[in-house]
Amino acid sequence: MANNLLDQFSQDELAARLQAEVEVSGEGVSRAVVVPKEQLLAVMEKLLREPDFAFDMLSDLTSVDRKDAGFEVVYQLFSLKHLCDLRVKTRTAAEEAQVPTVTGIWPGADWMEREVFDLMGVTFAGHPNMTRLLLPDEFEGHPLRKDFKLQPRA
Amino acid sequence: MQTQTYELNFGPQHPSTHGVLRIVLELDGEVVVKATPVIGYLHRGIEKICENRTYIQTVPFTDRMDYLAGMGNNLGISQAVEKLMGVEVPERAEYIRVIMCELSRIASHMICCGSLVQDLGGVTGFVFFIRDREDILELFNRACGARMTFNYIRPGGVAQDLPDGWVAQCRKFLADFKGMMETYDKLVVGNEIFQMRMKGVAPLSGERAIAMSATGGVLRASGVDYDVRKADPYGIYDRFDFKVPLGTKGDNWDRFMVRMEEMEQSARIIEQALDQLPEGPIMGKIPKAIKPPAGEVYHRIENAKGEIGFYVVSDGSLKPYRWHARRAAMINLQLMDELCRGFKIGDVVAILGTLDPVLGEVDC
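Protein sequence lines, in the order shown, are assigned to chains A and C.
The letter at position 89 of the first sequence is residue 89 when you use this note's numbering, and the numbering goes up by one with no holes.
Every position in the second sequence, counted from 1, becomes a number in this note's numbering once 1000 is added.
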């Protein structure tokens, strides 16, 4: 298995290196770095550019509806240079449901963010084309939200 | 003379798209100015459905995503659940999984390469690839009763043991495989018209491929040595000797050749796995009602189209709180626009073929 960056750095060390208020959540395979969304872009920029991190591949981008606690946007990063893995999360309140786009850092985030917008209803500020990807434009609602109930089969 | 560009709809139903895909082409004469893929025609809401099913019940939905390489999808979700629960899989099951996934990779690449040849007018090539692929589907059919939607690899192991004579039949396939590759070499790889249509078309740099999150053959054709089986080994892949084929230019030709070479490497892995295949149980100790502890996991594997990853969030109940699949086919398809620009409309079909999208996975 590839390394996890959190095997090498503690929460305080990471906070110092990234100059941000990061917090480590979960244990074992569930570990993730939680970043305040105001600092997301600065942290992501460092995670990509700094040679010790070099997270050049955005493997996955998705979101979780935490109901009253708002939405989590989850980034799965991989460093081809260090063969190292890291999960980064940021949170946004349910009424606001917006985080900044990372398409300026990893252009491959384009469709992934559009998919999250389409299905979860989280918008990405600064995205060049924030439109529905999979569902028709006239579709109402965002199916992956927890308050969108699965329709029983007729 | 004043000219203007015009729009042409390619698809939604086009024989080369492995499903339903529309590409809106903006053309200047026959040169592509812009190519916008429009997806979503097949969207079934698999993620939402899986969040309303038990963990075991989500496995058959993964078959129906990349139906050309369903074994890999079964493995991905099964290992994600096992990682979350900390379950050990019996040795025999691990070997069977490797054999099945590599057969699945060959079967998927045969469709990719065969249909690409057909898209460029070489129907005979397609027929040969599809004929040989039948041998693999027959092996699957004997092992689990299905040709494409297997539901065979499950959390804890595999659904059932190999039937009598299966290993011999698989060895027979490997013995024939060499001859198959020679046929393709003579008929397709060595064909000058085919080479002319592929070489130098739609090159992609390694840096750009990484930035666009491309994986699988698309990324490796651009010379980037990233194969999850080596970079983040899962199961027992670290026990096998195989190479990761790489391209240099990342053009259509490299994307085609990388897959042809990967088929040979897969055959090597299967051979080693058959030699080492131990006796023993095929299912580990796993409760009937799976309730992983609260937490979350992302598990990636190298499937035929590239990296497929499953992000599963458990709240400790019987059903996943969040179930998400990272699909290589969808993310690779983003490259369509930049690869097509400046090339001719006749190249669009070849470029699309080398990206090897399966729309069941793109739309999910």
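In short, the hints are calculated from the structure, not lab data.
Careful: at least some of the hints might be erroneous.
Stated by the list, open to error - Interface residues of chain C toward chain A, partial, derived using beta-carbon atoms under 8 Å:
| # | residue |
| --- | --- |
| 1 | Leu1084 |
| 2 | Asp1232 |
| 3 | Lys1291 |
| 4 | Gly1295 |
| 5 | Tyr1311 |
| 6 | His1324 |
All of these numbers come straight from a predicted model, not from anything done at the bench.
Note that the Cβ used here is the ideal one computed from N, Cα and C, for glycine as well.
Legend entry - C/His1324 as an interface hint toward chain A, with CB separation required under 8 Å: holds (5 Å)
Inset, instruction - Report holds or violated for the interface hint on C/Asp1232, using the least CB-CB distance to chain A and a cut-off of 8 Å. - result: holds (4 Å)
Inset, instruction - Would you settle whether the hint for C/Gly1295 is holds or violated, based on the nearest Cβ-Cβ distance to chain A being less than 8 Å? - result: With a closest approach of 4 Å, the C/Gly1295 hint holds.
Inset, instruction - Identify whether the interface hint at C/Leu1084 stands, where standing means a beta carbon of chain A within less than 8 Å of its own. - result: It holds, given that the least Cβ distance between C/Leu1084 and chain A is near 7 Å, below 8 Å.
Legend entry - Closest C-beta approach of C/Tyr1311 to chain A relative to 8 Å, hint status: Status holds, d = 6 Å.
Legend entry - Interface hint outcome for C/Lys1291 [beta carbon to chain A under 8 Å]: violated (15 Å)
Of the numbered hints given earlier, the model fails hint 3 alone.
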